[in-house]
Amino acid sequence: MTGPGEGVLRVVVERDRCQGYANCLDAAPDVFDLDDHDVAVTGADRYPAARRDELERAVDRCPARALRLQEITGCPPA
Amino acid sequence: MDPNRLGELIDTEGGVISREVFVDEDLFRIELEQLFARAWLFVGHESQVPEPGDFVTSRLGTESVLLTRDSEGELHVLLNSCRHRGMKVCRYDEGNTLSFTCPYHGWSYSTDGALVSVAGELLGVPHFRPGYGGRLDRSAWGLVPVARLANHHGLVFATWDHDAAPFDEYVGDFHWWLDNLASSASGELGAITAVRGVQKWRIRANWKFVAENFLGDNYHGPPSHASVDAVGIGPGGTGAETRHGAAPGQRRSVASTSFVRLGHGATGSVRYFMGYPAFEEPELTEYFGRAFEARTARFEAEGRPVGAMGPATLFPSMSFHAGPFPRALLVAHPISPWETEVWRWYLVDADAPPEVANWLRRYYLRYSGPAGLVEQDDMENWDYATEASRGTIARRHPYNYQLGLGMTQPSTLRGAVESDYFMTEENARNFYRRWHEFVRGDAWSALMAET
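Residue numbers (our numbering), protein chains in the order written: chain A, 9 to 86; chain B, 2 to 452.
Since the hints were derived computationally from the structure, they do not count as laboratory data. Note that the Cβ used here is the ideal one computed from N, Cα and C, for glycine as well. Be aware that one or more of the hints could be misleading.
To give an idea of the chain B side of the interface with chain A (calculated C-beta under 7 Å), a few residues [claimed, not checked]:
no.	residue
1	HIS106
2	SER109
3	LEU116
4	VAL119
5	GLY125
6	PRO127
7	PHE129
8	ARG130
9	GLY134
10	GLY198
11	GLN200
So these bits of chain B aren't anywhere near chain A, every CB distance computed over 12 Å [said to hold, decoys possible]:
no.	residue
12	ILE31
13	ARG139
14	ASP164
15	PRO306
16	GLU342
Pair by pair, the computed Cβ-Cβ distance ranges are [said to hold, decoys possible]:
no.	chain 1	residue 1	chain 2	residue 2	range
17	B	LEU190	A	THR81	27 to 37 Å
18	B	HIS154	A	ASP24	44 to 54 Å
19	A	ALA52	B	ARG362	55 to 65 Å
20	B	THR297	A	LEU77	52 to 62 Å
21	A	HIS45	B	ASP443	26 to 36 Å
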């Protein structure tokens with residue numbers, strides 16, 4: 009069971025696919041950044057369900073198909 | 002070749018045309034700039050891209066283009082060349098995708114309305130932040146779209162020229178032939194589908210010999226196609242009078258129709274209809290018999306003329322049989338003055354039963370196309386005519402285009418004449434008149450004056 013404020017969505021970055029297009033940064037600048045290797049990383053491990061549309065938009069905009077949304081269900085780690 | 006000397010090469014009044022028109026390299030380059038970059042050209046049939054995301058690669062002039070259907074169902078024609086370094090963004094004949102990613106450096110373009118505001122817009126470039134400093138203006142570097150697109154009852158045409166006359170004006174009253182090409186055997190506009198797979202093959206001939214063949218050259222029929230007539234290649238086999246399938250007693254074509262200013266040409270007229278062929282197979286005879294009855298009633302009700310069957314050529318390089326039988330079209334794409342890539346589409350009624358569609362497909366394959374027995378005769382002529390035009394001595398001696406000179410009468414169609422005799426080169430003379438106007442650079446206002 010997720011607690012309040014802990015979120016239900018994780019953005020998974022396939023690092024080998026990422027080509028540094030940075031479209032995800034444009035779509036959700038407070039979620040994504042590019043690391044020193046110009047590969048996408050997310051600021052947090054999980055995001056609230058309320059941001060689903062915004063995150064799906066970012067995932068769709070990746071020309072390299074390097075992003076996917078993961079539903080997090082079940083108990084959070086102790 | 003000085004373009005101002007073009008007038009010396011084309012004498013449509015006297016019916017004499019220089020061989021240089023077919024083989025000169027400077028003229029060919031001018032053709033690409035002044036004709037193929039400006040005229041309306043055929044791209045494909047909308048049945049080739051039925052669903053959002055569907056695409057086929059096509060060709061305009063010498064260049065590869067993508068005919069796509071975007072996420073909202075709209076058609077687009079985009080130059081198949083990455084704006085970065087030119088590589089083809091798509092190397093497949095057909096498929097379904099809303100994004101095209103260039104295999105060279107990864108620039109990615111989209112036809113998804115949810116992601117971009119213009120179809121073909123540059124969606125993303127790799128290493129946008131560190132490499133471009135985030136400064137590249139992606140909206141300015143999308144795939145090059147055609148200037149105008151026209152969908153004539155399922156037949157898709159395009160032009161690169163923003164100043165081009167609207168398609169309907171470009172076509173004029175020749176539309177009766179295009180309408181029939183776009184119609185089913187029963188005459189229903191748009192109720193056809195392209196047989197999947199476009200034949201593409203190269204011939205060592207100038208594209209204009211191909212266009213000329215279909216725009217009204219009845220003259221070549223009896224000698225060139227004598228052998229296929231003898232073996233009964235037509236639907237009636239050896240029992241029929243001709244390979245066109247005319248039943249005994251049916252009139253052959255009379256008069257040809259030439260659009261004097263617009264350059265389009267057709268064998269036959271809007272009044273002449275051959276009737277349906279005598280098929281050897283009863284199910285074909287039954288199918289077409291019913292279709293033709295429906296066609297006759299529909300055309301009478303809609304005020305459409307009974308004829309306009311073709312063969313015919315829409316200026317400059319799209320030729321076709323407008324059906325009801327046969328119904329097929331080709332585009333003669335220029336490669337060089339002496340090489341052409343021909344593309345052929347075969348069209349069947351959208352709701353034709355499988356046995357009819359399959360019979361037609363096999364018939365078309367044995368008649369037309371790279372292995373077609375009738376097309377072989379024509380290709381042999383075109384290849385040798387092109388080779389002969391290149392000869393040092395031969396090219397000094399112009400071609401004779403005097404058949405039917407001064408033997409026309411006005412047609413009821415706007416801007417058209419009909420030949421007194423069914424064999425004529427009037428259509429060819431007017432084709433080259435129009436060719437001359439384009440190639441010497443006449444502006445559209447002049448091209449469309451008095452049409």
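Here is how each hint holds up against the structure:
A distance limit of 7 Å between C-beta atoms decides the matter here; for B:HIS106 the minimum to chain A is near 10 Å, and the interface restraint is violated. Hint status for B:SER109: holds, given a least beta-carbon distance of 3 Å to chain A, under 7 Å. At its closest, the beta carbon of B:LEU116 sits 6 Å from a beta carbon of chain A; the interface hint therefore holds under the 7 Å criterion. Proximity of B:VAL119 to chain A is violated relative to the hint, the smallest CB-CB distance being about 16 Å (cut-off 7 Å).
Proximity of B:GLY125 to chain A holds as hinted, the smallest CB-CB distance being about 4 Å (cut-off 7 Å). A distance limit of 7 Å between C-beta atoms decides the matter here; for B:PRO127 the minimum to chain A is near 4 Å, and the interface restraint holds. For B:PHE129, the interface hint holds, the least distance from its beta-carbon to any beta-carbon of chain A being 4 Å, beneath 7 Å. Hint status for B:ARG130 relative to chain A: holds, with the closest Cβ pair at about 5 Å, below 7 Å.
The restraint placing B:GLY134 at the interface with chain A is violated, with a minimum CB-CB distance near 11 Å, outside the 7 Å limit. Taking 7 Å as the C-beta cut-off, the interface hint given for B:GLY198 is violated, the closest approach to chain A being about 30 Å. The restraint placing B:GLN200 at the interface with chain A is violated, with a minimum CB-CB distance near 34 Å, outside the 7 Å limit. No Cβ of chain A comes within 12 Å of the Cβ of B:ILE31; the nearest lies about 40 Å off, and the non-interface call holds.
Under the 12 Å C-beta cut-off, the non-interface status given to B:ARG139 relative to chain A is violated; the minimum distance is some 10 Å. No beta-carbon of chain A comes within 12 Å of the beta-carbon of B:ASP164; the shortest separation is about 35 Å. Distance check for B:PRO306 against chain A: the nearest CB is about 51 Å away, which clears 12 Å, and the non-interface claim stands. For B:GLU342, the condition that its CB be more than 12 Å from all CB atoms of chain A holds, with the nearest at approximately 32 Å.
Checked against the hint of 27 to 37 Å, the C-beta distance between B:LEU190 and A:THR81 comes to roughly 54 Å, which is inconsistent with it. About 48 Å separates the C-beta atoms of B:HIS154 and A:ASP24, a value consistent with the hinted range of 44 to 54 Å. Against the hinted window of 55 to 65 Å, the Cβ-Cβ separation of A:ALA52 and B:ARG362 comes to about 59 Å, which satisfies the hint. Judged by the Cβ atoms, the range 52 to 62 Å given for B:THR297 and A:LEU77 holds: they are separated by roughly 60 Å.
In this structure the hint that A:HIS45 and B:ASP443 lie 26 to 36 Å apart at CB is violated, the actual value being about 58 Å.
Hints 1, 4, 9, 10, 11, 13, 17 and 21 from the list above are not met by this structure, while the remaining hints are.
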